[in-house]
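**Q** These are the residues of each chain, in order.
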Amino acid sequence: DIQMTQSPSSLSASVGDRVTITCRASQGINIYLAWFQQKPGKAPKSLIYAASSLQSGVPSRFSGSGSGTEFTLTISSLQPEDFATYYCQQYNTYPPTFGGGTKVEIK
Amino acid sequence: EVQLLESGGGLVQPGGSLRLSCAASGFTFSGYAMAWVRQAPGKGLEWVSTISDNGGNTYYADSVKGRFTISRDSSRNTLFLQMNSLRDEDTAVYYCANQIATSGRRRLDSWGQGTLVTVSS
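Order-wise, the sequence lines are chains A and B. At position 7 of the first sequence the residue is numbered 7 (our numbering), and the sequence of numbers has no breaks. At position 71 of the second sequence the residue is numbered 1071 (our numbering), and the sequence of numbers has no breaks.
Only chain A is shown next, with the shape it has when bound in the complex (with noise of 0.2 Å):
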């Protein structure tokens, strides 16, 4: 199976801050990456598929780049909404696998 592995697994951040987050895969997968986020209690949202396309209605400030085992999730300017867990997942192969998360927490 690939291994998905996000840094850092937990950050503080203000408001406006810019925010970048990690995830390497254990073997090449192209473009293949997702990230999702997730609020506590609620169910994952996708924000960016194919390592770098944006799902309709995210807002702007979310960006995704890499391709094949290195990718990055940026928060251009961080709002009170983002406060929320981060996962990226490979759909390159089965299985699918997410990473183990990064939590976004106020500073």
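It should be emphasised that the hints constitute simulated quantities derived from the structure, not laboratory data. Please note that the accuracy of each hint is not assured.
Calculated lysine to aspartate or glutamate pairs in the EDC-like style (CA-CA distance at most 16 Å, straight line) [to be verified]:
1) A:LYS45 x A:ASP82
2) B:LYS1065 x B:GLU1089
3) A:LYS39 x A:ASP82
4) A:LYS45 x B:GLU1046
5) A:LYS45 x A:GLU81
6) A:LYS107 x A:GLU81
7) A:LYS45 x B:GLU1089
8) A:LYS45 x B:ASP1109
9) A:LYS107 x A:ASP82
Owing to the predicted nature of the structure, the values given are computational and were not obtained by experimental measurement.
Given chain A, put chain B in place with the hints provided.
**A** Below, chain B alone, put in the same frame as chain A:
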């Protein structure tokens, strides 16, 4: 608007069975692959199973293979997960999600609100 509504969760003893359902609306159900993803309390996300749009192909995580069966009824726009021989470690919130296929890969798109399965004596 896509809506996915899971039901069927609850408390079950180890070794028992449970059948989850996911009622879909707002999209052409028969045109989409569907998946189950679970999340143990306080833990991350784990893919469980996928079924193709026509039901002809199914895929399972090793952790549930041989115990869980995914199926769908396109006449009722409903996805199912039959869970047998349940173990403590199957305790989780179970989400259904539709999947969009591009270039032979299926990505998770819209998710339901989840249903809690608790396996305990």
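**Q** If a hint holds in the structure, say so; if it doesn't, say that too.
**A** Hint-by-hint comparison with the structure:
1. A:LYS45 x A:ASP82: holds (12 Å)
2. B:LYS1065 x B:GLU1089: holds (14 Å)
3. A:LYS39 x A:ASP82: Roughly 9 Å between the alpha carbons, so the hint for LYS39 (chain A) and ASP82 (chain A) holds.
4. A:LYS45 x B:GLU1046: Holds, because 15 Å separates the two Cα atoms, which is no more than 16 Å.
5. A:LYS45 x A:GLU81: Satisfied, since the Cα-Cα distance of roughly 13 Å is no more than 16 Å.
6. A:LYS107 x A:GLU81: holds (14 Å)
7. A:LYS45 x B:GLU1089: Between LYS45 (chain A) and GLU1089 (chain B) the Cα gap is close to 25 Å, so the pair fails against 16 Å, i.e. violated.
8. A:LYS45 x B:ASP1109: Answer holds: LYS45 (chain A) to ASP1109 (chain B) is near 8 Å, not above 16 Å.
9. A:LYS107 x A:ASP82: holds (13 Å)
Violated hint for the displayed structure: number 7, the only one.
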